[in-house]
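*Asks:* This is what each chain is made of:
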Amino acid sequence: DAGVTQSPTHLIKTRGQHVTLRCSPISGHKSVSWYQQVLGQGPQFIFQYYEKEERGRGNFPDRFSARQFPNYSSELNVNALLLGDSALYLCASSLAGGANVLTFGAGSRLTVL
Amino acid sequence: GEDVEQSLFLSVREGDSSVINCTYTDSSSTYLYWYKQEPGAGLQLLTYIFSNMDMKQDQRLTVLLNKKDKHLSLRIADTQTGDSAIYFCAVYSSASKIIFGSGTRLSIRP
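From first to last, the protein sequence lines stand for chains A and B. Take the working numbering: the final residue in the first sequence is number 113, and no numbers are missing along the way. Take the working numbering: the final residue in the second sequence is number 1110, and no numbers are missing along the way.
The hints are all genuine.
Covered stretches of chain A, as calculated for chain B (at least 3 residues, CB under 8 angstroms):
#: 1; segment: 39-48
#: 2; segment: 55-67
The calculated BS3-like cross-link candidates involving lysine-lysine, where the alpha carbons are at most 30 angstroms apart (straight line), are:
#: 3; chain 1: B; residue 1: Lys1036; chain 2: A; residue 2: Lys13
#: 4; chain 1: A; residue 1: Lys30; chain 2: B; residue 2: Lys1056
#: 5; chain 1: B; residue 1: Lys1036; chain 2: A; residue 2: Lys30
#: 6; chain 1: B; residue 1: Lys1056; chain 2: B; residue 2: Lys1068
#: 7; chain 1: B; residue 1: Lys1036; chain 2: B; residue 2: Lys1056
#: 8; chain 1: B; residue 1: Lys1056; chain 2: B; residue 2: Lys1070
#: 9; chain 1: A; residue 1: Lys52; chain 2: A; residue 2: Lys13
#: 10; chain 1: B; residue 1: Lys1070; chain 2: B; residue 2: Lys1036
#: 11; chain 1: B; residue 1: Lys1036; chain 2: B; residue 2: Lys1067
Beyond 12 angstroms from chain B on every Cβ pair, some chain A residues (computed):
#: 12; residue: Leu11
#: 13; residue: Ile12
#: 14; residue: His18
#: 15; residue: Lys52
#: 16; residue: Pro70
#: 17; residue: Gly84
#: 18; residue: Ser86
By construction, these hints were calculated from the structure, which means they are not laboratory data. For glycine and all other residues, C-beta sits at the position ideal for the given N, C-alpha and C.
With the sequences and hints as input, model every part of the structure.
*Replies:* Okay, structure coming up:
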């Protein structure tokens, strides 16, 4: 069975641009969470979605948004990119809405120049 | 606010035991985790423990939880070169989020 898959794996953007990152959860998992991992730090929670509804939001500006589709896949969108948005963006899926046992994907590494 | 702290580096000799320590502030955390991250990779869940447990053992891994002191540790027996990685302590918080520490980089000496 495929694990959590994320695309793209690497991308480079310039300041002010917009980016969309995609995530497909493990088959049967209905919850998707997004985390940002800046180099040298632990992951920081951005969003959690369950059954297409937002269940949790971290301390990130409104430039960050996400959605979950009927097939439980998810997109993370970041507008007006800043240099500080350069990070590894990790998607994780879980069976239940509590999102308490997560399986992570390999991440999308975003570099903002 | 919620915080998870762990030391940044640990160096051990191959074959010895590694003990990685972590402290946390949120006493209501129900799940406590250890994740492993190898260079350029995502996070791999190694093990987790419920807050009503004191210890959990899984092959070479032993997790100890001291709820009174809000202290979590991970012991890796017979440490091998393949154990070189960054280990993250994490706790489940409210509002569906997991709080991670900054990670402990484990290096293995021959």
